[in-house]
Amino acid sequence: MDCKIASELLPPYFDGELDRTTSRELEAHLDGCAHCRDALIGLDALRTTLREEAPRHPAPELLRARIRKEISRTSVPMQSAAFAARSRHAGWLAMAASWVVMFAAGGMWMSMRNHAGANEDAQSQISRDMFAGHWRALAANSPFDVVSTDQHTVKPWFAGKVSVAPLVQDFTAQGFALVGGRIDYVGSERVPVLVYRHGHHLIDVFVLSPDHAPALDNPVQSQGYLQETVMLGGQPATIVSDMGGADLAHFAQLLGSVK
Amino acid sequence: MSSVIGQSFIDDLALRHLDAAYNLGRWLLGNEHEAADAVHDAYLRAVRAAGTYAGGNERAWWLAIVRNCCLARLALRNKNKRELAIDDGSTAPERWMPRSDSDDVENHVDSAQRQSMLKQHLQDLPLNFREVLILREIEELSYREIADALEIPIGTVMSRLARGRDLLQKALAEYATTQAPHGL
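Sequences listed follow chains A and B, in order. Per our numbering, numbering of the first sequence is gapless, rising by one per residue and ending at 259. Per our numbering, numbering of the second sequence is gapless, rising by one per residue and ending at 443.
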């Protein structure tokens, strides 16, 4: 084993994630290599520093009490209800409870909705998740997990990672180049995201399940970013980008035409 | 039937891993009130999403929801900024600077300085690296759990962890050389 391989194996070894056989081989290398031993000591020193100087913040009692209160509020009415009603109640009560919290939070959500339908609440949550996902991708080193301009690479990459692999088509000729894909989280669902580029604009296409998608033809705007939902094959797909309205409409039309 | 299990399951899960959730929130959001609110949001969302829990690591599932609630708050907070400044280290509140219990005054100062310095270096790390470091080194999650919580492949966890450690080690080493007289 040379130092290059050893240096790659050191972190998983240090984290207890290396299998026994490989660990033995690495230990044999460590016996004879001061450089790699130093690297291991460095990892340990960093961990010690982090654990000592960046102590874990335990949850305040107040927060624990808040959650307990929430639990008693949601579970008491459920005990007297039939099973079928329970799941409906749980959802409804949680929704109602979340409204109380949102009002308590200072009405900052109010601008996002006029009439408080539960459905609308869930939808704007989905919308927010997708904006957050897009912004996070912009802030990350790389906005995608698989880099490829080839639709035949991107599509199989999704297979096995999400239940339904989305339709993937490249629109380089029309000015919207496919650059990759990633998996993101909307609500608690894993969804495939296709990443396109138009000039300097990054475009995310979140391919959603029909149950958890924003309404079609109902653009949402937030902080200069736009969301629009179209049908991509049989699945609703929400486009998130900061490109102009006309470009967005053009791109939406292209996506909508994919068969 | 599963919805009944779901409710108590979520309650139990949230309370059992409340510290982990709150700690993650603190490091992502940088202040105690928002961290607590985000965890509260996450509980409500977890209850609503109980039906979608498909088995697998429950702590990772819960932390994934917590993290999403934190990111949603970060996005709202930055709504006036065109560029997403996800790490607002400059405004990191001093009030949650960890306190030392040392009775030795000199030690106390040193230790407080070191803590605030380390906190700053951690906050300066890009979010991607900071969160894997917190989840691995402080919360002691396995690679698999981190991958599930962040919804990224294990390979990405490993590369981010390596890069994050490397960045932090370099930053600390640099700081040590500029502070040579005091030692570190």
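Each hint should be verified, as a subset may be incorrect.
[To be verified] Which residues of chain A face chain B? A partial, calculated answer using Cβ under 7 Å:
id, residue
1, R20
2, R24
3, R37
4, A39
5, L46
6, A54
7, H57
8, P58
9, A59
10, E61
11, I67
12, F131
13, I183
14, S188
15, M243
16, D247
In case anyone wonders, no lab produced these hints; they're calculated from the structure. Note that the structure is a prediction, hence the values are computed from the model and not measured. Think of the CB as a built atom: it goes at the ideal place given N, C-alpha and C, for glycine as much as any other residue.
Structure-based check of each hint:
1. At about 16 Å, the closest approach between the beta carbon of R20(A) and any beta carbon in chain B exceeds 7 Å, and the interface hint on this residue is violated.
2. Below 7 Å, beta-carbon pairs count as interface contacts, and R24(A) has none with chain B, the closest being about 20 Å; its hint is therefore violated.
3. Because the closest C-beta pair between R37(A) and chain B is about 16 Å apart, greater than 7 Å, the hint is violated.
4. Interface restraint check for A39(A): the shortest CB-CB distance to chain B comes to about 10 Å, outside 7 Å, so the restraint is violated.
5. A least Cβ separation of about 6 Å between L46(A) and chain B falls short of the 7 Å threshold, and the interface hint therefore holds.
6. Evaluation of the A54(A) hint against chain B yields a held restraint, the C-beta minimum of about 6 Å falling below 7 Å.
7. The closest approach between the C-beta of H57(A) and any C-beta of chain B is roughly 4 Å, which is under the 7 Å cut-off, so the hint is satisfied.
8. Residue-level restraint check for P58(A) holds (minimum Cβ-Cβ distance to chain B is 5 Å; threshold 7 Å).
9. Nearest Cβ of chain B to the Cβ of A59(A): about 4 Å, under the 7 Å cut. The hint holds.
10. Hint status for E61(A) relative to chain B: violated, with the closest Cβ pair at about 10 Å, above 7 Å.
11. Here the hint on I67(A) is kept, as its CB sits about 5 Å from the closest CB of chain B, short of 7 Å.
12. A hinted interface residue such as F131(A) counts as satisfied when its beta carbon comes closer than 7 Å to some beta carbon of chain B; here the least separation is about 6 Å, so the hint holds.
13. Checking I183(A) against chain B by beta carbon gives a least distance of about 6 Å; that is within 7 Å, so the hint holds.
14. For the restraint placing S188(A) at the interface with chain B, the shortest Cβ-Cβ distance is roughly 4 Å, inside the 7 Å limit, so the hint holds.
15. Interface hint status for M243(A): violated, as the beta-carbon distance to the closest one in chain B is roughly 14 Å, over 7 Å.
16. Interface hint status for D247(A): violated, as the beta-carbon distance to the closest one in chain B is roughly 18 Å, over 7 Å.
Hint compliance for this structure: hints 1, 2, 3, 4, 10, 15, 16 are not met, and every other hint is.
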